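Quick note on the working numbering: the sequence shown kicks off at 4 and runs consecutively.
I should point out that these hints are in silico values taken from the structure, not numbers from a laboratory. Be aware that one or more of the hints could be misleading.
Said to hold, decoys possible - Quick list of simulated restraints, FRET-style, between CB atoms:
| id | residue 1 | residue 2 | range |
| --- | --- | --- | --- |
| 1 | E152 | G16 | 26 to 36 Å |
| 2 | A136 | D79 | 23 to 33 Å |
| 3 | M4 | S107 | 17 to 27 Å |
| 4 | E152 | R115 | 20 to 30 Å |
| 5 | A18 | D79 | 16 to 26 Å |
| 6 | A18 | T154 | 35 to 45 Å |
| 7 | A139 | A18 | 35 to 45 Å |
Stated by the list, open to error - As a list, the in silico EDC-like pairs of lysine to aspartate or glutamate whose alpha-carbon atoms are at most 20 Å apart:
| id | residue 1 | residue 2 |
| --- | --- | --- |
| 8 | K84 | D66 |
| 9 | K169 | D129 |
| 10 | K84 | E152 |
| 11 | K170 | D143 |
| 12 | K84 | E128 |
| 13 | K169 | D143 |
| 14 | K170 | E140 |
| 15 | K169 | E152 |
| 16 | K84 | D52 |
| 17 | K84 | D64 |
| 18 | K176 | D143 |
| 19 | K169 | E157 |
| 20 | K176 | E157 |
| 21 | K169 | E137 |
| 22 | K84 | E137 |
| 23 | K170 | E157 |
| 24 | K84 | D54 |
| 25 | K170 | E152 |
These numbers come from a predicted model, not from an experiment. C-beta atoms are modelled at their ideal positions from N, C-alpha and C, and glycine is treated no differently.
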Amino acid sequence: MTLRSDMSELLAGAAILDVDVDDAVADEHVRSSAYRRVALVTASSRSRDGDRAIVATILRDPDEIVSKTAVVALVDSIAMKATGPAEFRQWSAELLPETDRLRSEGYRAFIRRRVHDWLFHLSIEDGHVPTPAELAEVTDWMQRLLAHESTSPEILALLAGSGRRKKIRNVAKDRGRNRRLRTR
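Model the full structure from these sequences, guided by the hints.
Given below as structure tokens:
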């Protein structure tokens with residue numbers, strides 16, 4: 004397969020008609036944007052059957068930062084729609100072997116960490132209250148996301164006491180305090 008045929012196939016499959024394939028092949032910025040759009044269309048589908056093939060196609064791109072970014076966009080979109088950690092764990096287990104196509108161990112590790120972060124997030128949404136040790140295993144990005152978005156007093160208290168960065172601890176402490184004041 005060539006980059007041109009891969010791009011044509013992805014765009015046609017996602018019904019994205021306003022991207023010029025030749026422009027996408029020639030310009031990694033156009034291609035990156037197109038891949039992110041394909042990821043959004045893919046995530047909005049009810050069926051997860053074609054996801055692995057789409058990821059495999061994207062990961063054939065010669066510019067690994069472009070393909071890694073697109074795969075992360077798909078991981079994020081699927082995780083935000085997942086009904087729970089079991090569903091996302093099963094989906095990601097089918098997808099992660101495709102990331103071995105990436106030459107850069109750093110990019111492979113980044114995608115694995117993102118999947119781990121989302122599993123952590125989904126387990127919290129499912130009612131799990133993590134320990135400080137479990138919190139320490141997720142990235143600063145996930146800790147910030149939780150500090151800014153969590154409505155759980157237990158999670159905010161955990162982040163206020165055990166967040167990795169001072170800003171995370173302060174955001175969680177302030178949000179926890181504000182939640183307590185509003186409930187009085």
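Verification of the supplied hints:
Between E152 and G16, the C-beta spacing of about 32 Å keeps the proposed range 26 to 36 Å intact. The given range of 23 to 33 Å is respected by A136 and D79, whose C-beta atoms sit roughly 25 Å from each other. The supplied range of 17 to 27 Å is met by M4 and S107, whose beta-carbon atoms lie about 21 Å from each other. Restraint check, E152 to R115: a C-beta distance of roughly 23 Å satisfies the suggested window 20 to 30 Å.
Between A18 and D79 the Cβ separation comes to about 21 Å, which falls inside the hinted range of 16 to 26 Å. Remark: the range hint 35 to 45 Å for A18 to T154 is upheld by a beta-carbon distance near 37 Å. Between A139 and A18 the C-beta distance comes to about 43 Å, which sits within the given range of 35 to 45 Å. About 28 Å separates the Cα atoms of K84 and D66, which puts this hinted pair outside 20 Å; it is violated.
Between K169 and D129, the direct Cα distance comes to roughly 27 Å. Violation of the 20 Å bound is thereby established for this hinted pair. A distance of roughly 16 Å separates the Cα atoms of K84 and E152; the hinted pair therefore holds under the 20 Å criterion. For the hint pairing K170 with D143, the CA-to-CA distance comes to about 10 Å; that is within 20 Å, so the pair holds. Only pairs whose Cα atoms come within 20 Å are accepted, and K84 paired with E128 is accepted, the gap being roughly 12 Å.
With a CA separation close to 11 Å, the supplied pair K169 and D143 stays within the 20 Å bound. In summary, the hint linking K170 to E140 is supported, as the alpha carbons are separated by about 18 Å, within the 20 Å threshold. At roughly 17 Å between alpha-carbon atoms, K169 and E152 fall within 20 Å of each other, so this suggested pair holds. Taking the CA atoms of K84 and D52, the gap is about 16 Å. The hint holds against a cut of 20 Å.
Distance check on the hinted pair: K84 and D64 sit about 26 Å apart at the alpha-carbon level, beyond 20 Å; violated. A threshold of 20 Å between alpha carbons decides the hint, and for K176 with D143 the separation of about 16 Å falls inside it, so the pair holds. A hinted pair counts as satisfied when its Cα atoms are at most 20 Å apart, and K169 with E157 qualifies at roughly 18 Å. For a cut-off of 20 Å, the pair hint linking K176 to E157 stands: about 11 Å separates their Cα positions.
As the CA atoms of K169 and E137 are separated by approximately 18 Å, the hinted pair is consistent with the 20 Å bound. Distance hint between K84 and E137 is unfulfilled; the C-alpha atoms sit about 23 Å from each other, more than 20 Å. Between K170 and E157, the direct Cα distance comes to roughly 18 Å. Compliance with the 20 Å bound is thereby established for this hinted pair. Our distance criterion of 20 Å between C-alpha atoms is met by K84 and D54, whose separation comes to about 14 Å.
For the given pair, K170 sits about 14 Å from E152 by alpha-carbon distance, which is consistent with the 20 Å threshold.
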